[in-house]
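All chains, full assembly: derive it from the sequences and hints.
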Amino acid sequence: MTFSSSPAKRRSVGGSLRLLRVLYPLSSPKSALNPTRVAAGGFRPCRPPPARQSVAVGLRLLKNDGYSLTKGTPNGSSLSSSQFIGGDHRWRIKYYPNGFSASSADYISLFLLLDVKVKVQAKWSFQISYTGQVDRPPSLATMKVDTFAEGSWSWGHAKLIKREDFEKSNDLRDNSFTIRCDIVIIREIRAEITTTTPTSVTVPPSDLNQQLGDLLESEKGADVVFEVGSHTFAAHRCVLTAWSPVFKAELDGLMKEGDTCRVVHIKDMEVRVFKVLLRFMYTDSLPQMKEEDVMCQHLLIAAGLCNLERPKLICEEKLCRYISVGTVPNILVLADQHHCDGLKKACFSFLCSPANLSAVVAGDGFKHLCRSCL
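Our numbering applies: residue 676 is where the sequence shown begins, and numbers increase by one.
Only pairs whose alpha carbons sit at most 16 Å apart, straight line, appear in this in silico EDC-like list of lysine to aspartate or glutamate:
#1 Lys746 with Glu842
#2 Lys746 with Asp781
#3 Lys923 with Glu984
#4 Lys769 with Asp790
#5 Lys794 with Asp821
#6 Lys965 with Glu945
#7 Lys794 with Glu825
#8 Lys993 with Asp968
#9 Lys843 with Asp781
#10 Lys950 with Glu892
#11 Lys798 with Asp821
#12 Lys993 with Glu967
#13 Lys1019 with Glu992
#14 Lys950 with Glu894
#15 Lys950 with Glu967
#16 Lys792 with Glu825
#17 Lys942 with Glu902
#18 Lys837 with Asp781
#19 Lys993 with Asp1016
#20 Lys746 with Glu839
#21 Lys834 with Asp781
#22 Lys923 with Asp898
#23 Lys950 with Asp889
#24 Lys1020 with Glu992
#25 Lys746 with Asp840
Have a look at the derived ranges for each label pair, beta carbon to beta carbon:
#26 Ala909 with Gly1038: 41 to 51 Å
#27 Val1036 with Asp889: 46 to 56 Å
#28 His940 with Asn1005: 27 to 37 Å
#29 Val878 with Ser752: 58 to 68 Å
#30 Asp1011 with Gly904: 21 to 31 Å
#31 Arg996 with Asp882: 27 to 37 Å
#32 Ser776 with Val878: 47 to 57 Å
#33 Ser1024 with Ala909: 35 to 45 Å
#34 Gly928 with Lys1020: 34 to 44 Å
#35 Glu894 with Glu925: 18 to 28 Å
I should point out that these hints are in silico values taken from the structure, not numbers from a laboratory.
We put the CB at the ideal spot given by N, CA and C, even for glycine.
Set out below in structure tokens:
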């Protein structure tokens, strides 16, 4: 039993598979079949595109004129076609009349084998039918995509069609059928030798906030001094004016007056609160604080006075975690007086619970809430 892939010989040979025709040769790796959609859906073959496209498309049609003679082939044994060229590569079709393995003994199996040891990526499909029905091309979207490489030089269908169903179908007529194999060679995958040295330098994350924090602690280059109670803090005008419009207006005014050494007095603010707020403008973060809920309330007020929106919002977010029956009256008053919409919504959400509302009304804080907000 032999396969023949000579397109010039079209006569039937009993019990053999022969090539009927080649619609598009696959010998050129830079030729292609350009698919265009038709009204009924699917694709039809058209004029090959310019040679610059490195895709090869085509098909092989093989006819078996003696199906009954192949039924005695043992399970796991195949009939192999002779080589044919596709995209400058040699291929074979392997036909297993009684299945590829024991699990597919009741099926017909078909495999496409790349007969040259080059890694290739390709789309492929098999159709098995009566000769007059094989001119219907498959949709490219439904074709399988596989990489033919070491360990997987062949791809196919172990259970293409159940042999019993095939013998009852119209695909087998007059003891013959045709195999259509469509191949779309996408690309040849070659190992590339590179002379570039791989990157081996580890770039550390930015620590600018840490460096600015160290600058604040060292007081190097400081050009303004703040006095809070009995404590003084040396700082840098450029850092503060970049953060706060309030500080910018105050410090720019001093510059216009020519007083570059004047001490700025901060009133109505605790030392610990100003210290945390000042450090935030250098490091963009708040430290771990004792009595965080109380400190956040003071910081929220101070941030609002200095028009520092980011630390104000951070304090709002932290205070949302401390809302309880005992704290919600004071927090709600604070949110209302300093226009903290997110914090107010969180308080109202807490009070929407009848149990929470009843407990708040019964407590001493409710009177403070009424006096401050009504």
